[in-house]
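Trainee: Guided by the hints, dock chain L with the ligands onto chain S, whose structure is given.
So the protein sequences, as listed, match chains S and L. Its first residue numbered 1, the first sequence is counted upward by one per residue in the working numbering. Its first residue numbered 264, the second sequence is counted upward by one per residue in the working numbering.
The set of hints was computed from the structure by calculation and includes no laboratory data. Treat each hint with caution, since some may be false.
Examples of chain S residues lying across from chain L (beta carbon under 8 Å, computed) [unchecked claim]:
#: 1; residue: 71
#: 2; residue: 79
#: 3; residue: 84
Virtual Cβ for every residue (Gly too), placed ideally from N, Cα, C.
So the chains spell out like this:
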Amino acid sequence: MLSLDRVGKTYPKGVHALGGVTLDVELGEIVAVIGGSGCGKSTLLRAIAGLDPPSEGAVVLDGERITAPHEKIGIIFQEPRLLPWLKVADNVGFGLGNLPKADRAAQIATALRRVGLTDKASVWPRELSGGQAQRVAIARALVPRPEVLLLDEPFSALDAFTRTDLQDHLLDLWADAKPTLILVTHDVDEAIVLADRVMVMRPRPGRIFDEIEVDLPRPRDRQSAAFDFVKRRVLAALDRSLNRAPTGAEGEPKAAAGAALWW
Amino acid sequence: MTLAGDRAKELLSQPATPQNLARLVRPMLGLVLPVTLAVLWELIVRMGWATGRLAPPPSVVFATFVDLARTGELQRHTLVTLWRVGAGFGIGVAAATCIGAAAGYSATVRRLVDPSIQGLRAIPSIAWVPLFILWLGIFEASKVTLIAVGVFFPVYLGLMSAIQSVDRKLVEVGRAFRLTDFAMVRRILMPAVLPAYVISLRSGLGLGWMFVIAAELMGASEGLGYLLIDGQQLGKPAEIVAAIVAFAIVGKVTDWLIVLAASPFLRWEDVVRQD
Ligand SMILES: Nc1ncnc2c1ncn2[C@@H]1O[C@H](COP(=O)(O)OP(=O)(O)OP(=O)(O)O)[C@@H](O)[C@H]1O
Ligand SMILES: [Mg+2]
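Chain S extracted, bound-state conformation (with noise of 0.2 Å):
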């Protein structure tokens, strides 16, 4: 279990990013984290990623505390970050130890399929598309079998119909070995597509406004009118996080913004 106590971030600068957060996440959950720009949904992720520890409070992954990168957590950024120098396939493998020649090249050939990209495993980084890139990124951070995945905004510098493409995609791998996921996005369909729960930041300093159970059964279809209630209650959730007028029906745009207050 991955849990957050009064995780807080305060950078160099003084810039107070994060305000205490606290969040258990089970193993196997998916979780995404949504919010205004500038909110520390990043800084909030970095953190657990140990890439950027935590200025209060602890990040503990199975009784660990989390200070630095650790093997049982991957990340996968907004950009592919992929290494240009190696080719696809020792990319995929970047993150693979010391192993036999054979299980090695096994693990990348698996990885390489799961992502529909076998074809491309000779290939310099270069050569592929956004969305292409990405699934490398995805196969990378896969391949170690981490027991909790971090995504920063994977999918938004992909078009829309690579986005819904990937986040099946996404689906269909989590669903091999079911790890923790934890998604920072801007795309409510997709915080919804996604997470069992979904998480609304709000901004100086950041921290949890509000969490929204996505209770559909998977593959959730976009059109459905549960998806569309569920979307509301967020998009709902998100207008009152940025002190705004709900965009939706229901609700006194007054009553909604003074709700907000109390926090």
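Mentor: Below, chain L with the ligands without anything else, positioned relative to chain S:
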């Protein structure tokens, strides 16, 4: 370079459509001007419109070149010059790589050494010659030192700034995969820096050739630079031009050797250059 070879093969194996012909011919365009001028000058001298005494026509230069090669003079002088450039280049590159890598990697080292090196860089290297001669004598040591100094600066600068401008995002990938410092250097920093490093080696080598001429012009009994002076003092312009041609050839060949040695490691870069 293997790439060029592959490309040539690929071109040759294709049917000779007008487009393919154009692709073969286009690189040759650069030869049109010099060849035309050379042929023109040859004709003018042959026709007796000019004596060609001070500016020998290509045929005379070629004859002189062959002559020098037949007596072994050309090889002897070339080897001496090559040795000087090789030694100076080796020393300069070794020093520049160590100091440049340290300064690129560690901000403390950079703060410590970079201002001094930048200060020294402002001095035209030739200005050191009298001092080097006083310290090291007029023979090989002072020449090699001058070349090493000339090579040092571009390589140092190139390597240091390349290390500093390594994409932090890729370094972070290394961190996320828990690379040790050593693995980080070997698996991320070195490959990331290599293209810029090779470029700096090439410009360092170019300067090395420039400084070897300077060193040899200022006093030498052997070397291609000596051949230049010899040709001047004996009034043999064809010998001067032959020596210049020799410089051009060895300069180009050594540059090409660097490119060749690096090309297996830089093939990933070629992907963009192809078109
Ligand atoms: N390295 C840093 N140094 C100083 N301040 C930073 C740094 N990184 C982020 N911040 C600040 O911390 C706050 C939160 O930033 P963060 O990147 O976590 O936001 P975010 O929610 O991911 O935003 P976005 O949705 O735009 O990606 C912002 O105010 C930002 O300016
Ligand atoms: Mg962010």
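Trainee: None of the hints should be skipped; say for each whether it holds.
Mentor: Going through the hints against the structure:
no.: 1; hint: 71; in the structure: 7 Å, holds
no.: 2; hint: 79; in the structure: 7 Å, holds
no.: 3; hint: 84; in the structure: 6 Å, holds
The structure is consistent with each of the numbered hints, conforming to all of them.
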